[in-house]
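Let's have the full structure, built from the sequences with the hints guiding it.
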Amino acid sequence: MMWVSGSTCKILISAAMLTQKRALSTSAKCLRNLGNVQLRTQETNLQKTKHIKYSDEFLIKQAEKYKLNKRRLANMMGEDPDTYNDEDMKRSIRYLFPSDLDEEVLPSMEHPSKLYTSQLRIHWDENGRPLHYLYYSKKQNLNHLLHEIYQYIIDARKMGNTRKRSSSLKTQMSENQMEDCIEVDMSKEDSKKLNLDGTRWMTDVEISREILDGEAVTPMGYRQLIAQLGRLLEEENAFIAKDLIMKLRKTVPIVSMLGDVKEYEVLDDGTKCAEAGGIKKSAVAKVKLLSPGTGKITINEQPFLNYFTFISDRQTVLSPFCFLGLLEKYDVHATIRGGLNQPASFGSSRGERRSPFPSASQAAAIRLAIAKSLGSFLTPVEVEMLRRAGLLTQDKRWKERKVFGQHKARKKHTWKRR
Amino acid sequence: MSVIKFLQKTFYRRITNHTTVNLKIAKRSIQIQPNSDRSTEQTLINPLQHEDYFGVRKLVTVEDLFNARVHYGHKEGCRNQNMQPYIFGCRNGVDVINLDETLEHLFQALNFLSHVVYADGIILFIMHSHIYGHAVEKMARECGEYALTRTYYRHYFLTPDRHAAKLPSLCVFLSLLNNVNQQHSCISDCAKVNIPTMGIADTNSDPCLVTYPVPGNDDSLLSIELYLRLFETCVKNAKQKKKDDTAHAVDSIEKIQ
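Chain order of the listed sequences is A and B. Residues in the first sequence are numbered from 0 upward in steps of one, following numbering that gives the first Met the number 0. Residues in the second sequence are numbered from 0 upward in steps of one, following numbering that gives the first Met the number 0.
Don't read these hints as lab results, they were simulated from the structure. No experiment lies behind these values; they were computed from the predicted model shown. Honestly, I wouldn't trust all of these hints.
[Unchecked claim] Cut-off 20 Å, straight-line C-alpha distance, at most; resulting in silico cross-link-like pairs (SDA-like, lysine to any residue):
1. B:LYS165 / A:TYR151
2. B:LYS137 / A:GLY324
3. B:LYS238 / B:PHE106
4. B:LYS165 / A:ARG120
5. B:LYS238 / A:HIS131
6. A:LYS137 / B:LYS165
7. B:LYS137 / A:GLN150
8. B:LYS137 / A:LEU231
9. B:LYS165 / A:HIS131
10. A:LYS49 / A:GLN150
11. B:LYS137 / A:LEU243
12. B:LYS165 / A:GLN118
13. A:LYS47 / B:ALA163
14. A:LYS52 / B:LEU166
15. A:LYS49 / B:PHE156
16. A:LYS137 / A:GLY127
17. B:LYS137 / A:ARG128
18. B:LYS137 / A:HIS143
19. A:LYS157 / A:LEU193
20. B:LYS242 / B:LEU47
21. B:LYS165 / A:ILE121
22. A:LYS157 / B:HIS133
23. B:LYS242 / A:ASN126
24. A:LYS137 / B:LYS242
25. B:LYS137 / A:LEU119
26. A:LYS60 / A:ARG128
27. A:LYS241 / A:ASP154
28. B:LYS235 / A:HIS131
29. A:LYS137 / B:LEU47
[Claimed, not checked] Pulled from the structure, derived: some chain B residues nowhere near chain A, Cβ distances all over 12 Å:
30. GLY92
31. LEU123
32. GLU144
33. TYR145
34. ASN180
35. ALA190
36. ASP243
Cβ coordinates follow ideal geometry from the N, Cα and C atoms, glycine included.
Below, the structure written as structure tokens:
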């Protein structure tokens, strides 16, 4: 329970929880009147509140109250009530009630249609007759959506079969159905294409919230929906359902390293130089990429072919260039510390053992550094290609510790029956 | 609801093999009177006093049923013993349904359906089929009634819920089997809760628990379309009749006053 001043309390009245007199008998304990103030408290006994349902008239009244309260809040904050957004409202509520707690627990003001989900609403009229023709299936909104999608599938198949009658059961048409064939405007070629690049299907939570009025979607129901949509997309003439399909799709933002990509510096010669670092296990690499170049690579002031004698290590280091076809166009000056061969930075105890061969981790560290520094010279599309190839992600794996009672991290002692 | 209870008492079928005998009993229990004149003495019409108030017998003939392939049954091995009285015979191992029986049962069923709609009942069309479910939903929507073509949550009708819509007054099954060829669980649930049922019984389904079974084919597109058309016209006609009769009753009452 929160104590607030009287003037701000009216703003706090979440339009949703002002229940009608009819529901007071069961939810009287929800409301506590403190003089002029009505605070919102949650009835935690779910058994009692399970059957409380709200009618459409109630929702309309709540919507009007919500509008009024929104304008009041805007006036209070000194903003223009006509252009007051949901985001502005959130911001002002956070300003009025600052707290470190989670967002779910803090006060909020939402439109009643979001608060009163499909499960909380009355779906029948005063005679007890259901309002939706699929009420008895218990998933009325989802099944209606499936119905609509199937209708589009039928229509798409009809369009393809205007000339010849197919003998299969699903596309069989009787005389009545032949008359309902859809005519396509062949002049508009663009409308025929359905471009789904950069989009994904909405998740079950998103569908439930945005399209099905808050009706819960089970995993089974969601799978059915996606399968049905897949069948629709297989049709040649699926573009007729473009509106519905795009309604159910969300754009996928391109995640690239553009934020981390630095700009190259221009040296006195006119050559461009980009620096970046890369890490793999205990190997730390710093790389300077010079453009234009001849494909010369030096590591710790040693030639590349001398330093990395193994072919696999050489391939690792050159892979960013190979991938984009830029093999002999850049010069690389790399410094590397750590890995098996050299002591790690700042004199750690790891890596004091010296072996005559450089390690694969060093090669991987240099590869990552090269890929990062290459980003300065490339277009965003090419950077995205590098990212999707996995050349820009740091490998965070480390050697797993040895476990007592076993030989190694995973290897166990020989199992004996007795 | 008193109308429904009256109808249930007279039409509720006892499980016997002699369906023709049962029909006669049912006919005797209706008070058959000649169509009364719409005189000022009888301003309120009682549709139950008419033999065929909704003109259901004019909707379909045996020839229509034959052309819609309603007489096609399943193979001999799939036959349900309780369908024996309705089967005309067996040809090349395929059962043939007796269309005379079908016609008579169909008229009884459509008549009952019309009466229920006239009494402002809730009709639920049930068909658990991936192929025809869509057509059933469409038809139900156009009628203003309800459809259930997805999984039926068992014992849905048995759990009493004060804060929910009414249960249906009549369940119309376009196929007595569900998608895995087992008897639809809604049939027994309706019988437990006293909801009259009506259903198209193919040779592999069990018509025992159904109040108004209609022997016929439930697998062919043409036959399903025929049934849907018939149900739709019955529902719409009954609703229209209801409107006309209430308007007429209001007029005649006003005239008296």
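Quick rundown of the hints versus the structure:
A threshold of 20 Å between alpha carbons decides the hint, and for B:LYS165 with A:TYR151 the separation of about 32 Å lies outside it, so the pair is violated. The straight-line distance between the Cα atoms of B:LYS137 and A:GLY324 is roughly 58 Å, outside the 20 Å bound, and the hint therefore fails. Distance check on the hinted pair: B:LYS238 and B:PHE106 sit about 18 Å apart at the alpha-carbon level, within 20 Å; holds. Only pairs whose Cα atoms come within 20 Å are accepted, and B:LYS165 paired with A:ARG120 is accepted, the gap being roughly 15 Å.
For the hint linking B:LYS238 to A:HIS131, the alpha-carbon distance of about 18 Å falls within 20 Å, and the restraint holds. With a CA separation close to 13 Å, the supplied pair A:LYS137 and B:LYS165 stays within the 20 Å bound. A C-alpha spacing of about 10 Å is found between B:LYS137 and A:GLN150, which places the hinted pair at or below 20 Å, so the restraint holds. With a CA separation close to 19 Å, the supplied pair B:LYS137 and A:LEU231 stays within the 20 Å bound.
Our distance criterion of 20 Å between C-alpha atoms is met by B:LYS165 and A:HIS131, whose separation comes to about 13 Å. Taken as a hint, the A:LYS49 and A:GLN150 pair is broken in the structure, with Cα atoms around 35 Å apart against an allowance of 20 Å. The suggested pairing of B:LYS137 with A:LEU243 holds, with an alpha-carbon distance near 19 Å, which does not exceed 20 Å. Restraint check: the Cα-Cα separation between B:LYS165 and A:GLN118 comes to about 17 Å, which is no more than 20 Å; the hinted pair holds.
Note on A:LYS47 and B:ALA163: the hinted pairing holds, with a Cα-Cα distance of about 15 Å set against a maximum of 20 Å. Proximity of A:LYS52 to B:LEU166 is assessed by CA-CA distance (about 18 Å); at most 20 Å being required, the pair is judged to hold. About 19 Å separates the Cα atoms of A:LYS49 and B:PHE156, which keeps this hinted pair within 20 Å; it holds. Note on A:LYS137 and A:GLY127: the hinted pairing holds, with a Cα-Cα distance of about 16 Å set against a maximum of 20 Å.
As the CA atoms of B:LYS137 and A:ARG128 are separated by approximately 19 Å, the hinted pair is consistent with the 20 Å bound. Only pairs whose Cα atoms come within 20 Å are accepted, and B:LYS137 paired with A:HIS143 is accepted, the gap being roughly 10 Å. At roughly 18 Å between alpha-carbon atoms, A:LYS157 and A:LEU193 fall within 20 Å of each other, so this suggested pair holds. Of the supplied pair hints, the one linking B:LYS242 and B:LEU47 holds, its CA atoms being roughly 17 Å apart against a limit of 20 Å.
Distance restraint check for B:LYS165 and A:ILE121: the Cα-Cα separation of roughly 12 Å lies within the 20 Å cut-off, and the hinted pair is therefore satisfied. Between A:LYS157 and B:HIS133 the CA atoms are separated by roughly 15 Å; this keeps the pair inside 20 Å, and the hint holds. Between B:LYS242 and A:ASN126 the alpha-carbon distance is near 17 Å, which keeps this suggested pair within the 20 Å criterion. Between A:LYS137 and B:LYS242 the CA atoms are separated by roughly 31 Å; this puts the pair beyond 20 Å, and the hint is violated.
Only pairs whose Cα atoms come within 20 Å are accepted, and B:LYS137 paired with A:LEU119 is rejected, the gap being roughly 27 Å. At most 20 Å may separate the alpha-carbon atoms for a hinted pair to count; A:LYS60 and A:ARG128 exceed this at roughly 23 Å. Proximity of A:LYS241 to A:ASP154 is assessed by CA-CA distance (about 13 Å); at most 20 Å being required, the pair is judged to hold. At most 20 Å may separate the alpha-carbon atoms for a hinted pair to count; B:LYS235 and A:HIS131 meet this at roughly 18 Å.
Restraint check: the Cα-Cα separation between A:LYS137 and B:LEU47 comes to about 34 Å, which exceeds 20 Å; the hinted pair is violated. Every C-beta of chain A lies more than 12 Å from that of B:GLY92, the closest at about 22 Å, which supports listing it as non-interface. Listed as outside the interface, B:LEU123 is inconsistent with that label: its C-beta sits roughly 6 Å from the nearest C-beta of chain A, within the 12 Å cut-off. Its beta-carbon lying about 7 Å from the closest one in chain A, B:GLU144 breaks the requirement of being farther than 12 Å from that chain.
A cut-off of 12 Å between C-beta atoms contradicts the statement that B:TYR145 is not in contact with chain A; the least separation is 5 Å. The Cβ of B:ASN180 lies farther than 12 Å from every Cβ of chain A, with a closest approach of about 17 Å, so its non-interface assignment holds. With a least CB separation of 17 Å from chain A, B:ALA190 remains clear of the 12 Å interface cut-off, as annotated. A cut-off of 12 Å between C-beta atoms confirms that B:ASP243 is not in contact with chain A; the least separation is 21 Å.
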